[in-house]
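Trainee: Chain by chain, the residues:
There are 2 protein chains.
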Amino acid sequence: MTQARRPRRLRGGIDLGGTKIEAIVVDAGNSVLGSARRPTPTSGGPPDVAAAMVEAMRSAASAARIEPSGLVGVGVGSPGSIDAATGAVASARNLPGWTGSYPLAEVLTSGLGTRVVVDNDVSVGTEAEFRLGAGQPYTSVLGVFWGTGVGGGLILDSQQWHGRGGAGEIGHMVIKLGGRRCPCGRRGCMEAYAGRAAMEARARKLAKRGTSTKLFKLMEKEGHTRLTSSVWAKAVEAGDRLAVELIDEAVAALGAGIASAVNLLDVEAVIIGGGLGVRFGEPYIKRITDAMQPHLFNDGRPPDIHPVALGDLGGAIGAALLV
Amino acid sequence: MTQARRPRRLRGGIDLGGTKIEAIVVDAGNSVLGSARRPTPTSGGPPDVAAAMVEAMRSAASAARIEPSGLVGVGVGSPGSIDAATGAVASARNLPGWTGSYPLAEVLTSGLGTRVVVDNDVSVGTEAEFRLGAGQPYTSVLGVFWGTGVGGGLILDSQQWHGRGGAGEIGHMVIKLGGRRCPCGRRGCMEAYAGRAAMEARARKLAKRGTSTKLFKLMEKEGHTRLTSSVWAKAVEAGDRLAVELIDEAVAALGAGIASAVNLLDVEAVIIGGGLGVRFGEPYIKRITDAMQPHLFNDGRPPDIHPVALGDLGGAIGAALLV
Numbered sequence: 001m002t003q004a005r006r007p008r009r010l011r012g013g014i015d016l017g018g019t020k021i022e023a024i025v026v027d028a029g030n031s032v033l034g035s036a037r038r039p040t041p042t043s044g045g046p047p048d049v050a051a052a053m054v055e056a057m058r059s060a061a062s063a064a065r066i067e068p069s070g071l072v073g074v075g076v077g078s079p080g081s082i083d084a085a086t087g088a089v090a091s092a093r094n095l096p097g098w099t100g101s102y103p104l105a106e107v108l109t110s111g112l113g114t115r116v117v118v119d120n121d122v123s124v125g126t127e128a129e130f131r132l133g134a135g136q137p138y139t140s141v142l143g144v145f146w147g148t149g150v151g152g153g154l155i156l157d158s159q160q161w162h163g164r165g166g167a168g169e170i171g172h173m174v175i176k177l178g179g180r181r182c183p184c185g186r187r188g189c190m191e192a193y194a195g196r197a198a199m200e201a202r203a204r205k206l207a208k209r210g211t212s213t214k215l216f217k218l219m220e221k222e223g224h225t226r227l228t229s230s231v232w233a234k235a236v237e238a239g240d241r242l243a244v245e246l247i248d249e250a251v252a253a254l255g256a257g258i259a260s261a262v263n264l265l266d267v268e269a270v271i272i273g274g275g276l277g278v279r280f281g282e283p284y285i286k287r288i289t290d291a292m293q294p295h296l297f298n299d300g301r302p303p304d305i306h307p308v309a310l311g312d313l314g315g316a317i318g319a320a321l322l323v
Numbered sequence: 001m002t003q004a005r006r007p008r009r010l011r012g013g014i015d016l017g018g019t020k021i022e023a024i025v026v027d028a029g030n031s032v033l034g035s036a037r038r039p040t041p042t043s044g045g046p047p048d049v050a051a052a053m054v055e056a057m058r059s060a061a062s063a064a065r066i067e068p069s070g071l072v073g074v075g076v077g078s079p080g081s082i083d084a085a086t087g088a089v090a091s092a093r094n095l096p097g098w099t100g101s102y103p104l105a106e107v108l109t110s111g112l113g114t115r116v117v118v119d120n121d122v123s124v125g126t127e128a129e130f131r132l133g134a135g136q137p138y139t140s141v142l143g144v145f146w147g148t149g150v151g152g153g154l155i156l157d158s159q160q161w162h163g164r165g166g167a168g169e170i171g172h173m174v175i176k177l178g179g180r181r182c183p184c185g186r187r188g189c190m191e192a193y194a195g196r197a198a199m200e201a202r203a204r205k206l207a208k209r210g211t212s213t214k215l216f217k218l219m220e221k222e223g224h225t226r227l228t229s230s231v232w233a234k235a236v237e238a239g240d241r242l243a244v245e246l247i248d249e250a251v252a253a254l255g256a257g258i259a260s261a262v263n264l265l266d267v268e269a270v271i272i273g274g275g276l277g278v279r280f281g282e283p284y285i286k287r288i289t290d291a292m293q294p295h296l297f298n299d300g301r302p303p304d305i306h307p308v309a310l311g312d313l314g315g316a317i318g319a320a321l322l323v
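In order, the protein sequence lines correspond to chains A and B.
1 is the number of the first residue of the first sequence in my numbering; add one for each residue after it.
1 is the number of the first residue of the second sequence in my numbering; add one for each residue after it.
Don't read these hints as lab results, they were simulated from the structure.
We treat Cβ as the ideally placed atom computed from N, Cα and C, and that holds for glycine.
Wrong hints could be hidden among the right ones.
Computed footprint of chain B on chain A, listed as stretches where at least three residues anywhere in the stretch have a Cβ under 8 Å from a Cβ of chain B [claimed, not checked]: (1) 165-171; (2) 258-271.
Sample of chain B residues at the chain A side, in silico, Cβ under 7 Å [unchecked claim]: (3) ARG164; (4) GLY166; (5) GLU169; (6) ILE170; (7) HIS172; (8) VAL174; (9) LEU177; (10) SER260; (11) ALA261; (12) ASN263.
Only chain A is shown next, with the shape it has when bound in the complex (with noise of 0.2 Å):
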């Protein structure tokens, strides 16, 4: 029996951030015909999360012209650890009350009436760099996703290393015995450094102690509850003095974290994004790898260091490649 074709191979992929949710439908050349975005839920709990996350898909689904059920299917980049089997997600530690397991692709096929894949969003962050954007050219990559959290994606020998399943936590490298405490509840981690919500947390007591910022009321003024990565921005750019130290320690961080990781896998190129990654840009991506410098064992033969090519969208459409 021949089986009818659908006249438009289209899928549908979506980045689910600590603190952003971006959905976007793309074609079968992987271009993007339509996106949406909504902040991700900062109360609630998993179920919150999932409709907002139905919501932006159907927003993106209707700028693209299609119903999210006459999608192909849709593929998920979520935080946490992802059941591959059944499309679960559990401990997404940057996630509102998502302490537990809770059955995302399920939850989401029933939303939207189409195939729900779900993988980890470091790992489609860097496939889609790696296979579309900055690491083309490359067969050993390290992605950087510095935002909310720090994550890692590797590709070693042109394939996504998982190690266990867990593999990638570079933000959970020790960079300084004894040091700052991470939300991860542990000391001296990277991401105590240079996450962003590490980064909230530690301004926000400096500024309750009377560290005078111009944090909080930048933040306000954009509208905002949580610090973002462009209200950090604009911080740095008005030369607030606790943002510029909090950022100059996530850049010393990042370079002693990722120079660590390169003494150790020797990885032919490193590319940076997330939502701080993606803000603050090139100028920052050269400070990243000065930071590097003076801890690279082969200091004379550093690895590649590129900014993602695929920009804020790239969790997106490495999320629309799982399907």
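For chain A, the structure is supplied; the task is to place chain B on it using the hints.
Mentor: Then chain B, alone, in the frame of chain A:
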């Protein structure tokens, strides 16, 4: 023309360490038929080291009742940067006067009258454990060689991972930003706290400043000019406060550095060897495991941790696998 078959297919292996040179002769089943050990020259340069290696190999061959020229070949595990094609070795930091490149394979070939293959000491040691030792049950293994320096070997997906040729520098992962000066010249490397050379430099500095310690008396009593693994072990057994303190720091540094590597790679197993690793053995493997635990991101599912199964001879056995 039919080639006459040698009566015995014996191979040589030499492990070139910062403290000692270990040479062995093995049969086709990798059983050790003869072995010899020489201290690594502490002065002079590469030719002196090569001469000591020839001497050690001659002595091991003699114990196995064979002429070196009768061996199928000799494999060498060497520190430094290896040119796989020529067997030249450059910048072997823990060896005397070995800053430039030296044609080690060529010199040994002419000294021993048989083919010589040189590879990285740590890769060779890890390969030996993976194929014949504690790594046999696994497909992903991190080998940690805790000795004069701290080296790391990687088996990923049952294959050696070398990156661009310089992977495995776990000793130079940053565990303390702005921390202690490492023999490599950088700051805060794991090796700055855990490498025997760094520990000895620290002990000499503190002793000079008046810290009381039995370390150097024990060293003289044992007829050494350096703090060997055995001297460290004896000082710790005797409750020497400085030795205990420095070994405690080394264990903490190893815990943080190895956990960082596991967070990044999520390997199935970590295998710990090297002069100090072998000398301190099981109780310290347990201590290092405990020191890793607070830094493991997936702390409910740590990798298996084993001491090397081939002991002190693992490096030489691995070297013999090269031919």
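Trainee: Please go over all the hints and tell whether each is borne out by the structure.
Mentor: Status of each hint after checking the structure:
Counting residues of the stretch 165-171 of chain A whose beta carbon lies closer than 8 Å to any beta carbon of chain B gives 6, which reaches the threshold of three, so the coverage claim holds. With a cut-off of 8 Å between beta carbons, the stretch 258-271 of chain A has 9 residues touching chain B; three or more are needed, and the interface restraint holds. Among the interface hints, the one on ARG164/B holds; its C-beta lies about 5 Å from the nearest C-beta in chain A, closer than the 7 Å criterion. Residue-level restraint check for GLY166/B holds (minimum Cβ-Cβ distance to chain A is 4 Å; threshold 7 Å).
Interface restraint check for GLU169/B: the shortest CB-CB distance to chain A comes to about 4 Å, inside 7 Å, so the restraint holds. Given hint, ILE170/B at the interface with chain A, holds; its Cβ is 6 Å from that chain's nearest Cβ, closer than 7 Å. For the restraint placing HIS172/B at the interface with chain A, the shortest Cβ-Cβ distance is roughly 4 Å, inside the 7 Å limit, so the hint holds. The criterion of a C-beta within 7 Å of any C-beta in chain A is met by VAL174/B, whose closest approach is roughly 4 Å, and the hint holds.
A hinted interface residue such as LEU177/B counts as satisfied when its beta carbon comes closer than 7 Å to some beta carbon of chain A; here the least separation is about 5 Å, so the hint holds. A distance limit of 7 Å between C-beta atoms decides the matter here; for SER260/B the minimum to chain A is near 4 Å, and the interface restraint holds. With 7 Å as the threshold, the beta carbon of ALA261/B comes within range of chain A, its nearest partner Cβ sitting at about 6 Å, so the hint holds. The interface hint given for ASN263/B holds, since its Cβ lies 4 Å from the closest Cβ of chain A, which is under the 7 Å cut-off.
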